[in-house]
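K.L.:
Let the hints inform the model, and build the full structure from the sequences given.
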Amino acid sequence: MQRTLVLFFLVLSTAAAQNGESIISRFGIGDLDQQLTSRQRGMGGVAASLTSTYDVSSTNPASWTGVGGLRLQGGLLYEFESYSKNSRLSTGSMSIKALHFSLPLEESMHARLVAGFVPVSRVGYQVRGTGSVNGESYRVDYLGRGGVSSFTVGAAIQPLPALSLGAMYRFLFGTIDREQQLVFDNGTTFGTKQWSTTSHNGSAFTVGAIVTGPGDATLGFTVAPAASLAATRDYTYRYSTNDSTVSGESGTQDIPLRYSVGVSSPLGKRFLVAAEYTAQDWSGATVFNTMPGELTASYRIGAGVEWRPSDDNASVAAAAKAMMFRLGFYQQKGYVALNGEEQKETFITIGAGLPILGMNRADASFELGWRGASEQILGSRLLVRFAVTVSVGESWFVRKDAD
Amino acid sequence: MKLRLSSILLLAVIAAGCHNEPSPTGIGLLPGTDLVGLETFDTQAAQSPVRSSTTFAPTPAASSPYLSLGKTAEYESSILLRWLSFPADIAEGGAIVSATVTLYRAPYGFGDVSAPLHFEARDVQQSWSSHTFTSDSLQNLRTGAAPVGAFSGAAGDSVTFTIDSTLVRSWLKLMSSQRYTEIYGLLLKAAGGTNAVLAFESFERLNKAPSLVLKMVYGGKDTVFNAATLEDTFIAKGPQLPSTGLAVHGGLSYRGKVRFDVSAVPRGCIVNQATLTLTIDPAATRKQFRTADSLVVYELKDSAAFALGDVSMVTQKADTANRLSAKSFALTQIVQRWVNHPEMNHGLALLKLNEASDLDLIGLFGAEATPERRPRLTILYTKKP
Chain A
381 MQRTLVLFFL
391 VLSTAAAQNG
401 ESIISRFGIG
411 DLDQQLTSRQ
421 RGMGGVAASL
431 TSTYDVSSTN
441 PASWTGVGGL
451 RLQGGLLYEF
461 ESYSKNSRLS
471 TGSMSIKALH
481 FSLPLEESMH
491 ARLVAGFVPV
501 SRVGYQVRGT
511 GSVNGESYRV
521 DYLGRGGVSS
531 FTVGAAIQPL
541 PALSLGAMYR
551 FLFGTIDREQ
561 QLVFDNGTTF
571 GTKQWSTTSH
581 NGSAFTVGAI
591 VTGPGDATLG
601 FTVAPAASLA
611 ATRDYTYRYS
621 TNDSTVSGES
631 GTQDIPLRYS
641 VGVSSPLGKR
651 FLVAAEYTAQ
661 DWSGATVFNT
671 MPGELTASYR
681 IGAGVEWRPS
691 DDNASVAAAA
701 KAMMFRLGFY
711 QQKGYVALNG
721 EEQKETFITI
731 GAGLPILGMN
741 RADASFELGW
751 RGASEQILGS
761 RLLVRFAVTV
771 SVGESWFVRK
781 DAD
Chain B
36 MKLRLSSILL
46 LAVIAAGCHN
56 EPSPTGIGLL
66 PGTDLVGLET
76 FDTQAAQSPV
86 RSSTTFAPTP
96 AASSPYLSLG
106 KTAEYESSIL
116 LRWLSFPADI
126 AEGGAIVSAT
136 VTLYRAPYGF
146 GDVSAPLHFE
156 ARDVQQSWSS
166 HTFTSDSLQN
176 LRTGAAPVGA
186 FSGAAGDSVT
196 FTIDSTLVRS
206 WLKLMSSQRY
216 TEIYGLLLKA
226 AGGTNAVLAF
236 ESFERLNKAP
246 SLVLKMVYGG
256 KDTVFNAATL
266 EDTFIAKGPQ
276 LPSTGLAVHG
286 GLSYRGKVRF
296 DVSAVPRGCI
306 VNQATLTLTI
316 DPAATRKQFR
326 TADSLVVYEL
336 KDSAAFALGD
346 VSMVTQKADT
356 ANRLSAKSFA
366 LTQIVQRWVN
376 HPEMNHGLAL
386 LKLNEASDLD
396 LIGLFGAEAT
406 PERRPRLTIL
416 YTKKP
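Taken in order, these protein sequences are the chains called A and B. Each residue of the first sequence is one higher than the last, beginning at 381 in the numbering used here. Each residue of the second sequence is one higher than the last, beginning at 36 in the numbering used here.
Just so you know, the hints here were simulated from the structure itself, not pulled from any lab data. No experiment lies behind these values; they were computed from the predicted model shown. Check the hints yourself; a few may be wrong.
Derived pair list, reagent style DSSO-like, types lysine-lysine, alpha-carbon separation capped at 27 Å [said to hold, decoys possible]: (1) B/K272 with B/K243; (2) B/K352 with B/K322; (3) B/K272 with A/K573; (4) B/K243 with B/K292; (5) B/K419 with A/K573; (6) B/K362 with B/K292; (7) A/K573 with B/K362; (8) B/K362 with B/K336; (9) B/K362 with B/K419.
With the C-beta cut set under 8 Å, the calculated list includes, among others, these residues of chain B facing chain A [said to hold, decoys possible]: (10) P59; (11) L64; (12) L209; (13) Q308; (14) L415.
Computed Cβ-Cβ distance ranges for the label pairs, DEER-style [unchecked claim]: (15) A/S624 with B/G63: 24 to 34 Å; (16) B/V346 with A/A677: 53 to 63 Å; (17) A/G759 with B/P377: 41 to 51 Å; (18) B/H376 with A/G631: 52 to 62 Å; (19) B/E74 with A/V626: 48 to 58 Å; (20) A/N581 with B/P301: 26 to 36 Å.
Here a beta-carbon is modelled for each residue, glycine too, at the ideal position from N, C-alpha and C.
P.N.:
Here you go:
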């Protein structure tokens, strides 16, 4: 069963087409990934202060001290968006949402080593325009695809019973393609196809801390200092002579400082409530040697509750087996403001977690949200997100009684 | 069961990830630097420099379906013929009663076509090839001092004349000893009194090719033999090259050359379409043969050597009766090469359609003409982002 799950997930991840359509992803480095697990999504996007025995967070490395055993975790997200101003337009896409591997190093201070793959952004848009020249009609498609991803490796440690610390190195990489295709309706005039490929790479870090207070309330902090990625851009043109020209440019891509502050507190033995604020200011960021006016400060504020029907938390194994249900909401403002119009989203979230077999767990979340306003150029949009995270684990450092 | 369930789920996931079609939503939000911009460059509107000239390009007529013969005030055309195959066993024996050559009329000609045609046939005394023999080769061609045949009279549907049987006997002996390359054939040349140039069918027309018929008494019997394996060509001279304008003349040949300055199109831009427009000068045009008002346009690979590219295109009638235009993928490619590699811009060569056979003259306005008549190149291209 375990092998089937892992194989199924890996196959799904390769079959997942990172397509979909959002013209907003044209700007900056694309739609920024929230880097949340399904559990965190179900709780209104709260992550910084949450600890878990099985859920490996992409956001706060300090939370890894709570993860028990050896774990392999991965997630998928399906997103659907419907535009109100164009009733025929609705888009759907599926994407990978992180792969993590967690290795326990030492148990007295809950030292953990975690490595993984985490998406940072995604570009996906397909826009069509039409026109005519000299009496010849044509259509032109503007396509964008790609994004930035990261390989991460980090460690967490609990030097004091009430303090967990974590740090994560991220190697960011990825390419963003932008293509223009012009096709004449007469079928005889040679069309245009030209594209640019921008490659990014660079290093970044995230540090985090979780402080446990009275009544097991936790206060979590994460900071990802600003980083600058090296970027190179090549242009390719398809000529009628079957050759193409590629020319290169170099530049930089800023990733501004990002921070999160969150609190969580158990209510009795079965409820956990949490809230969080996250912010990242893109207004002064350089995107390939220019400072686009469309970028602005972004934030997210959310809150959620988790209900565990069983209060048996006596062991890691027992906690892993418990079912959980979640409810939350959040509001966030994106980092792109088109024509001065801010892109605000409001979401209601629900989620559930259930054991699969042994130490394995699956969490699912469902989000219903609204983006934009009717008077905006893109109108209001309805968003639906469905996410699944599967965590597969095995016990380590289980002391056996000597014969 | 598990495998089946997994497969179904996998297919569902793949289906969920299928591409959407592009939509117009958000087109107005794209930055201006993303937008494709189409531009038009017009040498006429931009008053861009144009250069044109006419070149004499002696052209072999090996592939011509017609052989022109005759003479007018401005033109003279001669025919070369030879037959390379005769029955092998008649070389030494029998008696040649007559050897007659017949040429079949083609429906073209100019001058006083109804007047009698006069020409002489002379034996050629040196090697020649229809693939290389041109009008400037004729002056050095050695022929016999006296004619070996002649014709005077109305041309009709065909022209038949006899030739010296001694000459024919010499051909038979050469063929018998397998010295085919020494059979040089006949030169037919217009004689005095001719004031027309007439077209006759050539070897390419097969059933109406020039024929040589031998009537012999062989083995005591009257026998007729037909010569085979004909090689033929014609060589024409015409009017002087024009000092102004462009001239394209078939059969001689004159070829035009035109070169445009396209440096105003930024290097590296994608050329979507190129259109060449030429204006015919009716006063400088003579329609004598099939006269399709069409030219064949080639890229010039080397201007000095008049080296032609591999691909050509044929002009079409444009918006007015006296305009020709060429608009094709081949021309788009040619102009794209010029835009990307200016050093490859040697211009375009203009050839008469049916250049090998048709003694037609198309006069065109050249670079020195008024702007609306000058050769014109229009380029539609995409600006680089």
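K.L.:
It remains to establish, for every hint, whether it holds in the given structure.
P.N.:
To see whether the hints hold, each was checked on the structure:
About 25 Å separates the Cα atoms of B/K272 and B/K243, which keeps this hinted pair within 27 Å; it holds. Between B/K352 and B/K322, the direct Cα distance comes to roughly 16 Å. Compliance with the 27 Å bound is thereby established for this hinted pair. Distance hint between B/K272 and A/K573 is unfulfilled; the C-alpha atoms sit about 51 Å from each other, more than 27 Å. Distance restraint check for B/K243 and B/K292: the Cα-Cα separation of roughly 37 Å exceeds the 27 Å cut-off, and the hinted pair is therefore not satisfied.
Taking the CA atoms of B/K419 and A/K573, the gap is about 11 Å. The hint holds against a cut of 27 Å. For a cut-off of 27 Å, the pair hint linking B/K362 to B/K292 stands: about 17 Å separates their Cα positions. In summary, the hint linking A/K573 to B/K362 is supported, as the alpha carbons are separated by about 21 Å, within the 27 Å threshold. Annotation: proposed proximity of B/K362 to B/K336 holds, straight-line Cα distance about 19 Å (limit 27 Å).
Between B/K362 and B/K419, the direct Cα distance comes to roughly 23 Å. Compliance with the 27 Å bound is thereby established for this hinted pair. Given the 8 Å rule on beta carbons, the hint for B/P59 holds: about 5 Å separates it from the nearest Cβ of chain A. Nearest Cβ of chain A to the Cβ of B/L64: about 5 Å, under the 8 Å cut. The hint holds. Annotation: B/L209 was flagged as interfacial toward chain A, and the flag is violated, the nearest CB pair being 53 Å apart, outside 8 Å.
With 8 Å as the threshold, the beta carbon of B/Q308 comes within range of chain A, its nearest partner Cβ sitting at about 5 Å, so the hint holds. With its C-beta approaching chain A no nearer than about 7 Å, B/L415 sits inside the 8 Å limit, and its interface hint holds. At roughly 30 Å, the beta carbons of A/S624 and B/G63 sit within the given window of 24 to 34 Å. Taken as a hint, the range 53 to 63 Å holds for the pair B/V346 and A/A677, whose Cβ atoms sit roughly 58 Å apart.
Roughly 49 Å separates the CB atoms of A/G759 and B/P377, a value that falls within the hinted 41 to 51 Å. Between B/H376 and A/G631 the beta carbon distance is about 29 Å. The supplied range of 52 to 62 Å is therefore violated. For the pair B/E74 and A/V626, the beta carbons lie near 22 Å from each other, so the given range of 48 to 58 Å is not met. Checked against the hint of 26 to 36 Å, the pair A/N581 and B/P301 passes, with Cβ atoms roughly 31 Å apart.
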